[in-house]
Structure formats: C-alpha cells, structure tokens
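Q: Same order as they appear, the protein sequences are chains Z and P.
Be aware that the first sequence starts at 1, since it is given in my numbering, and climbs by one per residue.
Be aware that the second sequence starts at 1, since it is given in my numbering, and climbs by one per residue.
To be clear, the hints were calculated from the coordinates, so they are not data collected in a lab.
Glycine included, C-beta positions come from ideal geometry on N, C-alpha and C.
Please note that the accuracy of each hint is not assured.
[As the list claims (entries may be wrong)] Coverage of chain Z stretches by chain P, computed from C-beta distances (three or more under 8 Å per stretch; other residues unrestricted):
1) 81-93
2) 115-123
3) 179-193
4) 200-211
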Amino acid sequence: MTLLTLSGIRKSFGAVDVLHGVDLAVEKGEVVGLVGDNGAGKSTLMKTITGIYRADAGSIEFDGTDVLPLDPGARRELGIEMIYQDLSLAKQQDVASNIFLGREPTRKLFGLFPGFIDKARMDREAASMIARLGAHLPSINRSVGSFSGGQQQTVAIARALTFNPKLVIMDEPTAALAVREVQGVLDLIRRLKSEGIAVILISHRLNDVLAVTDRIVVLRHGRADANLATARTNMSEVVSRIVGGGDLSAAAMHEQRG
Amino acid sequence: MAHETAQPGLWARAQRTSVEQLHIRLESFIVLIVLSAVMAVLSPFFLSLSNFLNILLATSTIGVLAIAATYVIGSGGLDLSLGSVMGLSGVAGAYVAVNLGAPSPVGLAACILAGSAAGYVNGQLITRAFVPAFIVTLGMLGLARGLALVISDGRVIYGLPALMVYVGQGRPLGIPMPVIIFVITAIVAHCVLAYSKFGRHTMALGDSESAARAAGIRVERHRRILYTLSGALAGLAGMLFMARINSGDPTAGLNYELTAITAAIIGGTNLFGGRGSILGTMIGALIMGVLQNGLNLLAVQSYYQQMAIGAVLILAVFIDQYQVRKESRV
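Chain Z on its own, in the form it takes in the complex (with noise of 0.2 Å):
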C-alpha cells in the first residue's frame, strides 16, 4: 500500500531552480534512502514534504489525501514527522516543552479559562516516551540547550514519535554521533518499520542507508535520478550514481575510506 506519492514536484528560490519535478513514492513501512550530492536539493524536497515550502508545481499525496494546501501544523496531524539536521529544538525551553510544541496537552485554568497547558501530564508522557527511546537524560526539566548533542538528538526523535506518525523523514540522523549512538539510530529506524512506520532516511554515510533501507533514491540535478532496490546493489552502483558516472572504482575507493 503507497503511503506517500510524490509526482512532478518543481522548487525553485529565485532564479535557482532546486527541483526540476521529482517523483516519488514509499510504501507503508518501508524504509527509503534518499541520497545524492551537496545541492542535489534533498532537504528542500524534504521540507516540500512536511511544508516547511511549497511546492511550485506538482502533487503530494499522503494516505489517501492531498497534503499541498496543508500548513506544517496539519500534515503533522495527518503523521508526517520530520527529524531536521539542525535538530530544530527550541534550546532555551526544557523537554517536555520541544516534545509537545504545538500540540500541548491543554485543560482549563480554574475550570474556566480553555488553551491552558497541563504540564503535569506533558512531563509524564515526555518521561516515558524518553524511557521507551531507552535514553537518559540528566532532568526533563532542564533547557535542552544545555544537553550534549546526542541527548538533544533523543529529545528531537522523542517529539517526531510522541504522536504516533505513519512517515518519519530523517535529515543526516547520524552525521554529529558517536559510533554507539550510530548504532542506536539505526535500531530505532528497524524498530520503526517492524511497527509499520515508513522512514524516509538522508544520509551521506553510505554505510548505515545500505545496512537498514529496503530502497535507495538517489537525487540528482533535481531530479530522482535512479531507484534502486537495496538487495540488489552495492556501495559502487550507489557512488556512481551520485556522482553520475565517470571514475567509478576511485568514487568507491574514496567513499569507502571516507
């Protein structure tokens, strides 16, 4: 069953043209690696997706329902979570608070006044979804600004799966980790599509979108240039792919070392 089809998606910033129609589709619980070169315009395909932009000319289909007039708030609504490589964590505010922004618990002041926040149930739920997650974090009352980067990345996936999403985007999950932690992102995304949740994986490090993707997009010029089953292919199809032909075996060789 195709959770999300993307067909014809065109951005451009000015006189750039990013996008030149990309198509693209993922099934329910599948994981995809989108992977292709600085600029191939795989963030700003992303940011289409959870409508951070907006797409100039295409269609996007989510779950039966056309996602391109959504504001970000809605597609969250309809299960599109997003991991962004910067994190996006609202540093000065403690856990709970970046785990539920915008979708607070809310109650009544007094019995009267609605829009007020019940912060006791957000601190439990933000505990146990960061128990489930299996990680430890020094409080939950603390600013997440002053966590080390691994913590502050626990906090960012705990709030893409607090709200049971259908699709989670991963932008580079494992570019700013310690090898252990590496190890942990990449169990997390297996157990996600064990639960039947697809995963959109981006990543440069080869390595990990072989070891845990079912298929690999590659994006090239704007465009998705190759789809390759995972089974089927190896590092230095891959490599060529991305850097579109040329020197195949010295692309391999450097990716392999790097």
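Chain P: place on chain Z using the hints.
A: Chain P in isolation, oriented as in the chain Z frame:
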C-alpha cells in the same frame, strides 16, 4: 569539565532553579531589595505606606508597557513604539471624550482601540511586508507621536469627564485605580505567558522560529497577534496615564519605551527572545519605579534620572550576556 564533578554551590543552584522554574534572574530580586534598603536609609519618607502606593502608582504605566515588552521581546521581536503609541492613545481617548463629546466608556475604549490599531499596523508591516521590526516600530515611534500632535493640535486636551478621571484618580479601599488595573493585568499576563499554549508558543517562537514553524505553529499569525497585543497594552498604559493626569497630553510616554524595555531585560527577558516572565518583569519595573522614586525623594534632577535608566539598561544586558556566555556550552 573539572568543576562539573563538584557539587555546584548553593548560590549557583539557587540561580539555576530561579532561572529555570521562575524565569527570574535571582540577581534582580537582590538588586530590588538592596536598592530599597539604600533608599530607606537615605530618605525617611521611603518606607511609608503612602510612598509605597506612590511607587506602585508611578510603576503602573511603565509596568503595563513592560508587560508588552516582555511578550514582544520574548518572541524575538522588538517594539520601540510603546511610548509613542501610549501618547497617541491618551490623546485619542481625550479627543473622543472632550472634543467629540462621547461618553466616558467610549473614551476609555478609544485609548485601547487606538493602541491596538497602531500595533496591528506594526504587525502587518513586519509579517506581510517583511520590514524588520526594529525599523517598523522605530517608524511607528515617529508616526504615532506625530499623529498625537496633529490630533491635539500640539496642545494638551483638558476637561475629561468624571468617570474617566476616576479610572486614574479613584481610590477604592485606598488603593489607586491604576494600581488595581495594573496588578490585574499583570496577573492575567503572567498566567497566559507561563501556562497557556499562546504564551508557551510565544517563547518557543523567540527561541527558535524554525522549530516553531516545523512544529506547526503559524508563526506570522502569532507575531501579528503579539504586536496588536503590544499596541493594546500601550493603549491601556495611555489610558491609565491620561486618566491620572486628567488630560490628553501628546508628549505623554516620551522615552517610556526605554524604561519599559529596561524593566523587561532586568527582569530576565532574553534580549534575543526565548526567555522571559511577567514575574521577573514586575521586579524589573519595581526596580525602575524605586530608582525613580528614590531619586525624586533625594531631589536629584530628572536629567540624571534619564542617565541612570540608560546606564541600568546597558548594565542589565551586560550582566545577562555575561551569564549566558558563562553558562553556554560553546
């Protein structure tokens, strides 16, 4: 990292708890106490109930403006037009009541409406025309003041109806009306900022606009509401001031944005957004009130008071930035 293994000292822990739980810089509270103690020693009149009410009365206008400053600065914005909009609002209310002969409630509402309108224009220009808040509100500082002078023909409008004057000079149970209105406004503003979705989103917006946007908060709409709210509060301050001096003065609120922003910053509002509390701002406003009151009691010329306020603003930001640098990981 060596010092991290040691237990942080009592002072450091109290500082952190105060900032994290109450969003107040502990220092500001101590400054207020020390300042009050010094004033009490220097002037025998300082520690009296009537002087205490005087301080609150003088603080009420600045306090309301400082609440507006806390919301806007906390959201990563800036409103330099607070003082001018306050002046415009007072003149608008007085004009409607005196020159147009409207009943008092209409005159009072006109103050708030005029302020809201100015704030609404600010918000529209900032979020739809993409002119930086600094420029828009600086422009509004000139526009609103000019408009106040045009409406009043450069003269003070006298002769407010009795009910309007009561709002400024009435004393139910011996407490001045402006103080009552100010305290109620502060309590509501505190509850909204600290415990409501709207307030939390305001601070998250100032903390990281991209995070707020990604979370689905309608950032531009939120900012428009904030600037309109800021204008409405400036209107309320204008109303209180007009009623207290029993006239619509086109020069009312001159340089008050300086004092209001200073009060918010002293109270722990992060100049760049993301942190701030009404509780802290009230302490900041009281520091400004005590400072002005004390300098008045000591018969210090008002020119020096302006200098003192400016110096306090720079000092407060310096201390805040020093703390932030010390605490940040990078």
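Q: Test coverage of the stretch 179-193 of chain Z by chain P using CB-CB distances below 8 Å; three residues minimum.
A: violated (count 0)
Q: Under a C-beta cut-off of less than 8 Å, do 3 or more residues of the stretch 115-123 of chain Z approach chain P closely enough to confirm the stated coverage?
A: holds (count 4)
Q: For the stretch 200-211 of chain Z, does the count of residues with a C-beta closer than 8 Å to a C-beta of chain P reach 3?
A: violated (count 0)
Q: Closer than 8 Å Cβ to Cβ for three or more residues is the test here. Does the stretch 81-93 of chain Z pass it with chain P?
A: holds (count 9)
Consistency with the previously given hints fails for numbers 3, 4, ordered from lowest to highest.
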